[in-house]
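2 protein chains.
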Amino acid sequence: MKQLTVKTKSTSYDVHIGEGVYDLFATQYEELLNNADKVGVFADATAASYHLEKLEQALKAANIPFVLHILPAGEESKTPIGFMNCHSFLLQHHFTRQSVLIAFGGGACGDLTGFVAATFMRGIPFLQCPTTILAHDSAVGGKTAINMPEGKNMVGSFHQPAGVLFQPELFTTLPKREVRSGMAELVKHALISDADWTRSLLLNSNFPHFSAELLSTELLKGIQVKADIVAQDEFEQDLRKFLNFGHTLGHAVEAYFGFGKVSHGECVMIGMTYSLLLSETYGNISSEFTKSFIRFAEHAGYPIQAIQDVEFNSLLKFMKMDKKVSSGELVFVLLHSLGHPFTQKVSERQCEQAYLELNSRIKEEVFDDSKRSKGSNNRK
Amino acid sequence: MKQLTVKTKSTSYDVHIGEGVYDLFATQYEELLNNADKVGVFADATAASYHLEKLEQALKAANIPFVLHILPAGEESKTPIGFMNCHSFLLQHHFTRQSVLIAFGGGACGDLTGFVAATFMRGIPFLQCPTTILAHDSAVGGKTAINMPEGKNMVGSFHQPAGVLFQPELFTTLPKREVRSGMAELVKHALISDADWTRSLLLNSNFPHFSAELLSTELLKGIQVKADIVAQDEFEQDLRKFLNFGHTLGHAVEAYFGFGKVSHGECVMIGMTYSLLLSETYGNISSEFTKSFIRFAEHAGYPIQAIQDVEFNSLLKFMKMDKKVSSGELVFVLLHSLGHPFTQKVSERQCEQAYLELNSRIKEEVFDDSKRSKGSNNRK
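Protein sequences, first through last, are from chains A and B.
Just so you know, we're using the numbering used here here: the first sequence kicks off at 79 and counts up by one.
Just so you know, we're using the numbering used here here: the second sequence kicks off at 79 and counts up by one.
Hints listed in this document are in silico derivations from the structure and should not be mistaken for laboratory results.
Each statement offered as a hint is correct.
Same chains, same names: a pair is fine if it fits in one copy or spans any two.
Here are the simulated PhoX-like pairs of lysine-lysine, each with C-alpha atoms no more than 20 Å apart in a straight line:
#1 Lys395 to Lys116
#2 Lys116 to Lys138
#3 Lys116 to Lys398
#4 Lys85 to Lys299
#5 Lys423 to Lys116
#6 Lys319 to Lys87
#7 Lys369 to Lys441
#8 Lys299 to Lys80
Can you build the whole structure from these sequences, using the hints too?
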C-alpha cells in the first residue's frame, strides 16, 4: 500500500492506494467512523453492482454499521434533484452533524457525496472510496459539485475529504472507455508538470491499459501533482487553475453531447489537443508535438474525431459558462512548454480560428492512413 | 452611523448600522463592487416593493450597474427549487466567479442569497443589506441555508458576508408582527449574555416598539454578542451553539405550523419560555422568572398560547431533526443563570413533562386575568 498526504491551510488528509486499503476502516479511520452516530454509504449503482461487497465486508469487519443509499450510475446522479434526494434521505434516516458519509463510486458519486457532505447541516466529514481511474483526479482536492442544466459543476463547494482510499483491484472491471477517461487526467497531470513523464506516457504503446503495478505508481504520481498544487492554492485563486488544462473546451464538448454521453476524460483529451494548438500561438509548443499528440490520442482510442461535425458556436455558448471566464473573456490554461502551464485570455475570434485549425489537423492526422501508421510507429 | 467588526479565523468584515449606510457602496465597498464583472441584487419581493428605490439610488450614485432578481417574499423563497432558480438566473445572466451578490431583504433572503453565493461556482462574495430587525441576527455570522420539507435550515454552508449594511429607516414600514419577530432574537442575545440588560429589556414597557435611536443601540449590542461568539467559534463546535437558545422547540413550532405561518421570532419566544422552564431543573433559573417572562412575552404580543392545542409528539418529531441532536439525544441550550448558557442533553420523557408544565404555566399566566394585570404591573 502506498500513500501521500494532502496538506491545505485548513486541514490535512491521506490518500492511500493499493490492495487492502479498506482495512484502514478498522485502524486509521476507526475513530472517525466509530465516533459517528451514523455512517452513510452513497454508492454508485454500477460500482455497487460489481464491488459493494468488498466495502461492506471491510465495514463489517471493522464493526461499523452503516446505511446504504444507491445513486443512479454516473453523471445522472449529479443533478439538483439528485442532490436534494440525498439530503432528504439523510434527514429521513435521522443523520446529524455527528454523522459521516462514504462515497463509493466514480467521480460523479464523489462530487455529489462531497457536496452533500459539505452542505448537510452546514457540513459533515466524508471519506472518498473511488472506484474508477478518473476519480484519481476528482477524489483528491476537495472540489465538490453538481451539474446544472446550464453547465457542468456550476454549483458546489470546496470541502476536503477526511481520507481517500483507492482499491486498484476495483479498476479491473472498468470498461475500456472508462479506463481511457481516467487516463486522460493522468496525461493532463503529466503535461502540466513534467516533460519527461509526458514523453514516457506518450511512448508507452500499452497506454491506456497499464498493469496494476504500473497503474498504481502512475496514479500516485498524478495525485502528487494535484496535491502539491492544492497545498498552495486550495480555493483556485491562481495555480489551481492549471488543473483545468484541457477542460474549457472539454467541458463544452461534454455539455454539447449531454453529460455522460461522451466520457469526461474523452472530452478532456479533445480539450487538451485544442489547448496544445493554442499553446503553439501563445507558448512554445511545436505543431509537431500537437500532431503527435493527436495521433497518440487517436491510437489510444479517444474519439477525437467526434467534434468534426460540431459548429464552433455550439461549443462557444458552453465555453462562456466556464468558471475561468473573467469579465466576459475566455481564459485558457496553456503551456509555455511541456510541464510549464500559464493562463491566457483568448478572444472569441482566435478561439474559432484555432477550433477550425484543430478540426483540419484531426482530419489530416486521423483520416490519412499513411499518417496513421506513421503515428503508430512514432509511438513505438 | 455606528459599526463593529466581526473577526473570524478566515476573514474579517464590518457591520454598519445607521442612516446613510448605503453611501458606503461608493466608498468602503467601491473596490469590491467595481472589480466585480457583474453585481446581482437578490431582493425580497416585499422589501423591494417598499424600499428598493433606496438601494437602487445608492448603487446608481456609486456607478455600479446591477442585475435584479426578485425573490418570493419571506420563507417561501428558501426552498430547494428557489435555490436552484437563483443559480439558473445567475448562469443565464453570465455571472462568473468574479461576480458579487447583494442580499436585500429579511433573514430568508439573506440565508438564501448567502447559500447561493457560497455555492455558485464554489463561492463568490456577497453583501448583506438586511431590511428587517430579525435579520440583525441572521445577517451576521455567515450561517446560510435553505429549508427542506423535513426541516428548517437543514442544507447550507458557513459563508461570511463581505459586509453587513443596516439602514434602520427601512424598519419603519415593518408590520408589528415582524418587529416582534426580530426583537425576540434581541431578547435571546440579552438572555445568554447579560442579566442586567435582560432585566432592562423586560422592564421596558415600550418593548418591542423602540425609538429608532434606542433600536440602533440595542441591535448593535445584540450583534456584538453574536460577533464575539462567532469570533471564537465560527463553525459551531461549542460556544456558537448558545446562539440557538430557544431554537430547538422554536424551530419545531415553526415547522409544525408551516414555515412563515407563525413568525420565526414568535416561535423562538415560545422556545425560550420552554428553555427557561428546563433551566429551572438543570440550572438555577427561578420559576418566578419564567412566569414573569411568560407574562412579558404575552404582554408584548407574542402568541405564546399558540401551542396550547399542540400535542408534544407532533413537535418531538421536528425536534429530533434539530442540528444539535447528538447520538439520537435532544440537546438544549439552557441557562445556569441569566447571561450564563450551557448545553444539556434532555431525555424525551423530561422534554414531554416540561412541555406539559409549560402549557399549564401559560394557561395560568395568560388566561388568568388577575395575573395578567399583575404581570403588566410587574413590568412597569
